[in-house]
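4 protein chains.
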Amino acid sequence: MMKNMPDKDFKEKLKRVNQFKIKNNTDIVDLIKHLKDTGFNAKRLALACDIYKEMIEDKECVKFFGQAGAMVPAGMQGIIHDFIEEDFIDVFVTTGATLTHDVAETLGFHHLQGEVDIRDLNDVKLHEEEMNRIYDVFLPNKVYEGIEDFVSKLTIPDYNMSVSSFLNFLGKELPENSNSILKICSEKNIPIFCPAFTDSGLALQLGFHHQKLNLNHFKDMLEMVNLAWDAKSSGVCIIGGGVPKNFIFQSLQFCPNSASYAIQITMDRPESGGLSGATLREAMSWGKINEKAKYSTVILDATIALPIILWYLKKSKYEH
Amino acid sequence: MMKNMPDKDFKEKLKRVNQFKIKNNTDIVDLIKHLKDTGFNAKRLALACDIYKEMIEDKECVKFFGQAGAMVPAGMQGIIHDFIEEDFIDVFVTTGATLTHDVAETLGFHHLQGEVDIRDLNDVKLHEEEMNRIYDVFLPNKVYEGIEDFVSKLTIPDYNMSVSSFLNFLGKELPENSNSILKICSEKNIPIFCPAFTDSGLALQLGFHHQKLNLNHFKDMLEMVNLAWDAKSSGVCIIGGGVPKNFIFQSLQFCPNSASYAIQITMDRPESGGLSGATLREAMSWGKINEKAKYSTVILDATIALPIILWYLKKSKYEH
Amino acid sequence: MMKNMPDKDFKEKLKRVNQFKIKNNTDIVDLIKHLKDTGFNAKRLALACDIYKEMIEDKECVKFFGQAGAMVPAGMQGIIHDFIEEDFIDVFVTTGATLTHDVAETLGFHHLQGEVDIRDLNDVKLHEEEMNRIYDVFLPNKVYEGIEDFVSKLTIPDYNMSVSSFLNFLGKELPENSNSILKICSEKNIPIFCPAFTDSGLALQLGFHHQKLNLNHFKDMLEMVNLAWDAKSSGVCIIGGGVPKNFIFQSLQFCPNSASYAIQITMDRPESGGLSGATLREAMSWGKINEKAKYSTVILDATIALPIILWYLKKSKYEH
Amino acid sequence: MMKNMPDKDFKEKLKRVNQFKIKNNTDIVDLIKHLKDTGFNAKRLALACDIYKEMIEDKECVKFFGQAGAMVPAGMQGIIHDFIEEDFIDVFVTTGATLTHDVAETLGFHHLQGEVDIRDLNDVKLHEEEMNRIYDVFLPNKVYEGIEDFVSKLTIPDYNMSVSSFLNFLGKELPENSNSILKICSEKNIPIFCPAFTDSGLALQLGFHHQKLNLNHFKDMLEMVNLAWDAKSSGVCIIGGGVPKNFIFQSLQFCPNSASYAIQITMDRPESGGLSGATLREAMSWGKINEKAKYSTVILDATIALPIILWYLKKSKYEH
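Residue numbers (our numbering), protein chains in the order written: chain A, 1 to 320; chain B, 1 to 320; chain C, 1 to 320; chain D, 1 to 320.
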């Protein structure tokens with residue numbers, strides 16, 4: 001069971017760990033460059049930034065972006081919007097929660113936060129005050145009333161349209177908004193896939209007000225496979241794991257070259273066997289990631305990762 | 001912002017931490033009883049066992065069980081089967097992966113494991129050997145060929161049936177098997193909900209071989225709400241989080257009394273804001289759990305939790 | 001960079017994942033035997049139990065046990081005491097906190113717990129009530145007064161004695177007690193090493209009341225190296241990581257064969273680079289663990305692991 | 001058991017979550033300012049930056065900095081050096097490992113890294129190649145030979161000097177170096193406390209070559225208490241937990257006002273009861289943190305946190 005590594009190549013590859021300094025003129029590109037030669041998650045974050053940059057510069061690469069986790073409540077709506085606006089994403093796979101939160105914000109119903117320690121809060125009283133809590137962010141009940149109002153007035157073109165077609169339609173129905181994920185995807189014709197759509201407040205409202213609605217999930221599943229099948233080259237950025245991660249990966253098995261680039265931002269761990277924390281290496285055994293792929297998993301809260309990665313990509317695109 | 005606790009009641013409630021001993025005749029019920037008066041996750045596990053037992057003894061309680069994570073590959077198929085067989089579950093919500101793995105095992109295509117350290121494995125060579133890895137468990141490609149063969153021969157009664165009706169049908173089509181989750185649910189008419197069904201190998205095969213398949217997801221979403229609405233009392237056991245957790249909880253908002261019992265077995269953490277790691281207290285702000293509910297979150301790998309809890313419940317049911 | 005695994009041996013080593021059942025007569029030895037052929041942390045726990053058993057049966061093996069974490073407050077005092085009483089430990093390395101808590105309990109000053117959700121507690125009020133909190137366990141201030149009283153009355157034979165000699169002396173000074181870790185180590189002459197002794201309430205009290213105290217830490221460091229040097233065979237069980245893990249491992253570099261058995265129970269993870277979460281494989285690069293060693297890391301709360309492992313070892317010793 | 005929160009003040013405190021954008025001229029101070037009004041760990045990081053800034057501007061505040069974890073191997077030596085150089089730290093508490101790694105780098109023996117996936121490495125072969133692994137960073141054996149050589153030549157003024165005095169002396173003995181933590185602490189007379197000093201390669205070498213060495217740990221323990229006792233106001237920044245966290249906190253009980261500022265950067269979690277993951281609120285029950293303190297715990301790899309915080313503090317100090 002001997003592995004060949006390390007061999008003489010190994011020692012030649014090694015360089016000093018970069019004991020770097022922050023200077024007055026350090027910018028995000030400098031910092032990421034420094035971190036590339038450090039260790040642990042600093043290094044992995046820098047590698048992730050680099051890989052994303054390469055993925056963008058590879059014009060043949062179809063960029064799949066999977067996102068799970070309450071990113072919009074936590075302030076990341078504009079950030080994800082800009083990933084899409086800057087053409088950093090070609091296919092967006094997400095959860096019903098993200099779409100629900102995006103619709104809310106876009107309609108002008110906002111998530112709230114403040115200088116308050118959640119340990120001082122009584123969740124029962126919050127409920128009486130019609131305040132729903134997502135860790136340290138709050139959603140007043142009237143947000144759902146706003147969504148309900150909007151949804152009840154929708155004239156849905158086809159009750160059996162695919163989920164992704166419906167989401168494209170929904171983006172058009174939303175008001176102009178420089179932060180809306182649904183809006184920008186609609187405008188740029190970026191497909192949004194949401195395999196677990198009925199696991200959301202948005203879908204509940206749709207179901208209550210449009211009793212005959214039966215959006216087609218199977219069309220989307222096959223469409224995703226086609227997108228992967230047709231991709232000469234593919235890359236994947238997974239934020240948080242969950243259904244988006246599995247849905248993208250199960251389709252990548254049908255991409256002739258599998259994924260050549262893979263980035264994963266997660267707080268989950270591999271040892272409990274779940275997919276969300278599984279390593280990108282494990283995905284190679286499934287043929288979902290190419291053996292020559294460039295990849296990095298960063299154990300990092302996505303609310304810190306997303307701004308940093310976008311900042312790096314924008315600076316690289318516009319200044320360097 | 002003063003909390004009233006601790007008050008004089010608080011000190012009266014306190015007892016010594018139980019510095020217990022394991023004796024020759026200690027059995028699982030004794031152990032759990034000891035752990036109830038300890039601390040940390042030992043205590044929380046004991047509370048979870050107790051709450052589950054109460055939930056079972058409450059004849060009016062509708063018991064919702066949400067399960068995410070690769071439990072069948074890790075050897076928990078028979079355990080989950082027996083939770084159902086023993087009437088410990090009334091409504092089962094799970095992932096497409098669990099159903100896929102259950103079909104595989106039930107058809108005689110088995111997951112594999114051995115005395116091997118995964119760090120000695122080359123995932124690229126595993127792929128060449130047609131071995132797919134789920135952490136330290138392996139799935140040969142032919143497992144999927146077996147599923148494909150079975151699926152392609154199915155005569156599906158109605159291409160627009162709900163996902164849960166389809167799963168009930170599928171359970172009938174599977175061969176007799178004392179471990180199968182789909183089979184036992186079918187036999188006992190326990191509804192299985194799978195909101196993210198198209199996020200699975202099973203659904204991919206169904207979609208490839210039955211191109212017109214368009215299982216209705218919306219019917220199930222509304223059906224879940226009805227089940228919660230009609231429940232005089234409800235309890236929930238969440239294994240792993242994910243879509244099953246959210247799907248059950250979003251429906252519990254419609255249960256007149258919300259959930260009176262709540263157990264959560266997870267390795268996720270709350271601080272990154274995701275639902276999988278969110279506390280059960282947070283769910284109270286949403287009206288998903290009753291303020292008087294008994295609840296416990298145990299930070300524990302489900303492959304260790306499930307056997308222990310089942311063992312405790314069976315011993316309590318049959319011997320104590 | 002090709003690894004040789006998997007090779008043809010690999011496929012031959014694989015067996016079915018054990019889809020086991022819990023029966024009426026299942027005992028802990030049966031359960032662990034079943035779990036050996038499952039996956040994830042269930043399998044790793046079973047392997048850990050097995051390895052510990054082998055380690056005990058290897059009469060030449062010096063068994064090093066490192067323990068960090070608030071085990072005594074959480075109810076594990078009797079469990080750890082019995083590991084020692086049953087001769088499952090030859091060298092005990094721990095934190096000042098554990099010794100402090102052990103002295104408290106042994107003097108009759110108890111840790112407290114109750115049916116209270118810590119989120120209902122106001123830590124500021126707890127402080128006013130002279131209640132110190134360790135997660136969901138409580139230590140009244142008078143516990144420290146009790147320790148202070150005992151400590152102030154000690155007649156310390158030699159102000160420059162080694163820490164381990166002092167702890168052996170301390171064990172003798174404590175009253176008879178069937179749970180005390182210090183007492184049982186003293187009685188059985190099991191050396192206790194505590195490299196970070198001055199990081200503890202016990203040491204603070206000693207320092208306040210015995211101003212000239214200057215326990216020798218360097219003697220213990222060299223003594224540990226000698227113990228490892230003299231060991232024909234060694235095994236290590238690490239609970240929680242921290243200083244005990246490093247102190248044992250740094251000495252094992254001097255054991256001619258390094259450790260042949262290694263068990264680690266931790267909730268930490270490797271990716272942040274710290275030693276507490278580091279894999280046992282990494283220790284092989286340091287020559288701390290033998291390449292042929294049997295090892296297992298279990299991601300599991302020690303308050304659940306310790307009772308299970310002890311129960312398994314006792315059942316195996318006395319009944320099987 | 002009712003908590004008073006939320007009350008009418010609560011709703012007034014709430015503001016919209018900041019759905020911010022990254023612009024071309026965004027700098028680190030802008031970003032942190034944006035993140036203050038978001039959620040999850042992004043918000044907590046921003047709060048931590050703010051609190052550290054306030055702590056620095058509070059001229060009466062004695063700033064205690066506890067650091068555990070392999071920061072120097074991961075490239076953070078210069079960063080920690082500059083925290084000290086910029087007067088952001090008044091008392092430094094660390095592990096023997098950090099001191100060992102700092103001595104190595106300062107003597108010109110460097111940690112190594114490269115473009116290599118650790119899963120391709122055989123730790124047994126690394127050992128044969130005399131390469132010691134710390135996750136994805138490597139330490140050649142000759143590093144320890146270099147430390148040994150330096151240590152053996154030291155003329156230690158007093159074999160019974162306190163550990164902190166010894167470290168001050170050691171700093172003077174090291175060559176000039178713009179990155180060295182020991183050097184800069186010596187030059188600026190910043191005391192370094194290391195309660196678990198004998199848990200380190202540096203101490204092993206010292207013990208081997210200076211057999212009579214018996215550095216006084218008790219003097220340091222009492223000195224730390226005095227520093228806390230004399231502090232009109234104190235603040236604490238904990239990187240990683242462990243002994244440094246406990247040692248600082250046990251002394252803060254003697255600070256008349258406890259800590260008024262507290263920052264914690266950790267990957268550990270509270271539920272397993274250990275101190276490393278314990279909340280800062282829990283510390284209030286011990287009187288270690290003042291009830292009016294400003295505090296923030298960030299779940300974040302310190303290799304990402306430290307550069308960001310330093311960058312923010314330097315930009316704030318020099319430009320804003």
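Think of the hints as simulated: they come from the structure by calculation, not from any bench.
Heads up, the beta-carbon is just placed ideally off N, CA and C, and yes, glycines get one too.
Hints may contain errors.
[To be verified] Calculated pairs, DSS-like style, for lysine-lysine (alpha carbon to alpha carbon, straight line, at most 30 Å):
# : chain 1 : residue 1 : chain 2 : residue 2
1 : D       : Lys15     : A       : Lys142
2 : D       : Lys317    : A       : Lys188
3 : A       : Lys172    : D       : Lys317
4 : C       : Lys21     : B       : Lys53
5 : A       : Lys292    : A       : Lys36
6 : A       : Lys33     : D       : Lys15
[Unchecked claim] Ranges between beta-carbon positions, derived for each pair:
#  : chain 1 : residue 1 : chain 2 : residue 2 : range
7  : D       : Asn226    : C       : Tyr318    : 30 to 38 Å
8  : D       : Glu176    : C       : Glu128    : 24 to 32 Å
9  : A       : Glu86     : D       : Lys15     : 37 to 45 Å
10 : C       : Glu54     : D       : Lys153    : 29 to 37 Å
11 : C       : Glu54     : A       : Trp229    : 35 to 43 Å
12 : D       : Glu319    : C       : Asp149    : 51 to 59 Å
13 : A       : Glu173    : D       : Glu319    : 14 to 22 Å
14 : B       : Tyr159    : D       : Lys15     : 37 to 45 Å
15 : D       : Asp58     : C       : Glu128    : 20 to 28 Å
16 : D       : Lys13     : A       : Lys142    : 32 to 40 Å
17 : A       : Lys15     : D       : Asn24     : 26 to 34 Å
Hints, one by one, checked against the model:
1. A distance of roughly 16 Å separates the Cα atoms of D:Lys15 and A:Lys142; the hinted pair therefore holds under the 30 Å criterion.
2. Restraint check for D:Lys317 and A:Lys188: the C-alpha separation of about 43 Å exceeds 30 Å, so the hint is violated.
3. For a cut-off of 30 Å, the pair hint linking A:Lys172 to D:Lys317 is broken: about 47 Å separates their Cα positions.
4. In summary, the hint linking C:Lys21 to B:Lys53 is supported, as the alpha carbons are separated by about 19 Å, within the 30 Å threshold.
5. A hinted pair counts as satisfied when its Cα atoms are at most 30 Å apart, and A:Lys292 with A:Lys36 qualifies at roughly 20 Å.
6. Among the hinted pairs, A:Lys33 with D:Lys15 is inconsistent with the structure: their alpha-carbon atoms are about 36 Å apart, more than 30 Å.
7. Distance hint for D:Asn226 and C:Tyr318: a CB-CB separation of about 53 Å, inconsistent with the stated range 30 to 38 Å.
8. Range check, D:Glu176 to C:Glu128: Cβ separation about 52 Å, and the 24 to 32 Å hint is violated.
9. For A:Glu86 and D:Lys15, the Cβ-Cβ distance of about 28 Å falls outside the hinted range of 37 to 45 Å, so the restraint is violated.
10. Separated by about 45 Å at the C-beta atoms, C:Glu54 and D:Lys153 break the suggested range of 29 to 37 Å.
11. At about 51 Å, the CB distance of C:Glu54 to A:Trp229 disagrees with the hint of 35 to 43 Å.
12. Our hint of 51 to 59 Å for D:Glu319 and C:Asp149 holds, since their Cβ atoms are close to 56 Å apart.
13. For A:Glu173 paired with D:Glu319, a C-beta distance near 45 Å fails the hint of 14 to 22 Å.
14. Range check, B:Tyr159 to D:Lys15: about 50 Å between beta-carbon atoms, so the 37 to 45 Å window is missed.
15. Checked against the hint of 20 to 28 Å, the pair D:Asp58 and C:Glu128 passes, with Cβ atoms roughly 26 Å apart.
16. The supplied range of 32 to 40 Å is broken by D:Lys13 and A:Lys142, whose beta-carbon atoms lie about 18 Å from each other.
17. Remark: the range hint 26 to 34 Å for A:Lys15 to D:Asn24 is upheld by a beta-carbon distance near 32 Å.
Hints 2, 3, 6, 7, 8, 9, 10, 11, 13, 14 and 16 from the list above are not met by this structure, while the remaining hints are.
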